[in-house]
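So the chains spell out like this:
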Amino acid sequence: MDKNIESSGERKLKCGDVSKCFQLLESILDGEDKDASKDVLKEKLSKCQPCFEHFHLEQAIREVLKNKCTKQQVPSELAKSIRQKIEDVK
Amino acid sequence: MSEVQKKKYSDKEKNNIFDNEFMPHIDSMYNFAFRLTFDEDDAKDLVQDTYLKAYRFINSFEQGTNAKAWLFRILKNSFINEYRKKSKQPSKVDYQEVETYYNSDSVDYNITSDLRVDTVKDMLGDEISNALNSLAVDFRTVIILCDLEGFTYEEMAKILDIPIGTVRSRLHRARNLLKEKLHSYAKDMGYNADEE
Numbered sequence: 001m002d003k004n005i006e007s008s009g010e011r012k013l014k015c016g017d018v019s020k021c022f023q024l025l026e027s028i029l030d031g032e033d034k035d036a037s038k039d040v041l042k043e044k045l046s047k048c049q050p051c052f053e054h055f056h057l058e059q060a061i062r063e064v065l066k067n068k069c070t071k072q073q074v075p076s077e078l079a080k081s082i083r084q085k086i087e088d089v090k
Numbered sequence: 001m002s003e004v005q006k007k008k009y010s011d012k013e014k015n016n017i018f019d020n021e022f023m024p025h026i027d028s029m030y031n032f033a034f035r036l037t038f039d040e041d042d043a044k045d046l047v048q049d050t051y052l053k054a055y056r057f058i059n060s061f062e063q064g065t066n067a068k069a070w071l072f073r074i075l076k077n078s079f080i081n082e083y084r085k086k087s088k089q090p091s092k093v094d095y096q097e098v099e100t101y102y103n104s105d106s107v108d109y110n111i112t113s114d115l116r117v118d119t120v121k122d123m124l125g126d127e128i129s130n131a132l133n134s135l136a137v138d139f140r141t142v143i144i145l146c147d148l149e150g151f152t153y154e155e156m157a158k159i160l161d162i163p164i165g166t167v168r169s170r171l172h173r174a175r176n177l178l179k180e181k182l183h184s185y186a187k188d189m190g191y192n193a194d195e196e
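Quick mapping for you: the protein sequence lines, in order, are chains A and B. If you're matching positions, the first sequence starts at 1 in full-length UniProt numbering and goes up one per residue. If you're matching positions, the second sequence starts at 1 in full-length UniProt numbering and goes up one per residue.
In case anyone wonders, no lab produced these hints; they're calculated from the structure. You can take every hint at face value.
Computed cross-link-like contacts, DMTMM-like style, restricted to lysine to aspartate or glutamate with a CA-CA straight-line distance of at most 20 Å:
#  : chain 1 : residue 1 : chain 2 : residue 2
1  : A       : K68       : B       : D27
2  : A       : K85       : B       : D27
3  : A       : K68       : A       : D30
4  : B       : K76       : B       : E40
5  : B       : K12       : A       : D88
6  : A       : K80       : B       : D49
7  : A       : K80       : B       : D42
8  : B       : K187      : B       : D126
9  : B       : K53       : B       : E13
10 : A       : K66       : B       : D118
11 : A       : K12       : A       : E43
12 : A       : K71       : B       : D39
13 : A       : K14       : A       : E43
14 : A       : K90       : B       : E21
15 : B       : K68       : A       : E32
16 : B       : K12       : B       : E62
17 : A       : K85       : B       : D49
18 : B       : K76       : B       : D138
19 : B       : K53       : B       : D161
Given the structure is predicted, the values throughout are model-derived calculations rather than measurements.
Between the sequences and the hints, there should be enough to build the whole structure, so can you do that?
Next up, the structure:
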């Protein structure tokens, strides 16, 4: 049971309002909550273990998705074929 | 989109918009199309059809607005129309999954995950990709739009023709489903996700 050893002793183990907190954290990760200051986030993550874990897991998932699922090779002739079709309908 | 539209752009302007605002998104468009269809030829056709439609209806595009969102909306609509035509019997699993989760915009945020950050980071591209691909199309789509393509909730709402609240709740559910998939992969692959 040694998740996040660093300062985990200072975090509460139960979040007072999971729905509200997780929704806020997800909005921040999605870039939707620009008003939430870094201090608010820092405070939340340093004081609440469930929020800390949720934030870091959600962040990791977004990163792997972004890094590992966008490298589909586009067929080389596709752009040319599109331009050709456009010329035909002009 | 209506056939009746103002001819606001000259041919030169049209080409300019097409080359500079539409074509640069071809990589993202193809990635989206491939993840919707899982087939290279279908993805190519879908992207090509989308670009042809975009050219045809270019006068309804407002220059200076988000071309990528506009193109994605056309692609998504083309996919839905084609998909409905092609698949006479849509996957029952998809429907069940979608119905169970769609009944309201309210979301249960209490679901906790045993998945570990390190486990997620250690996963191979194929595992992540397969987990994403295994989600029902509506859930897969919101993750692609948000996490892969970086659209805002507002842009996603316009692309998908759904309210922002639904975008938010669908995304949350999609990510929970994805976490479940990743967790079961992790167990199968011996990543020790449950080790405590």
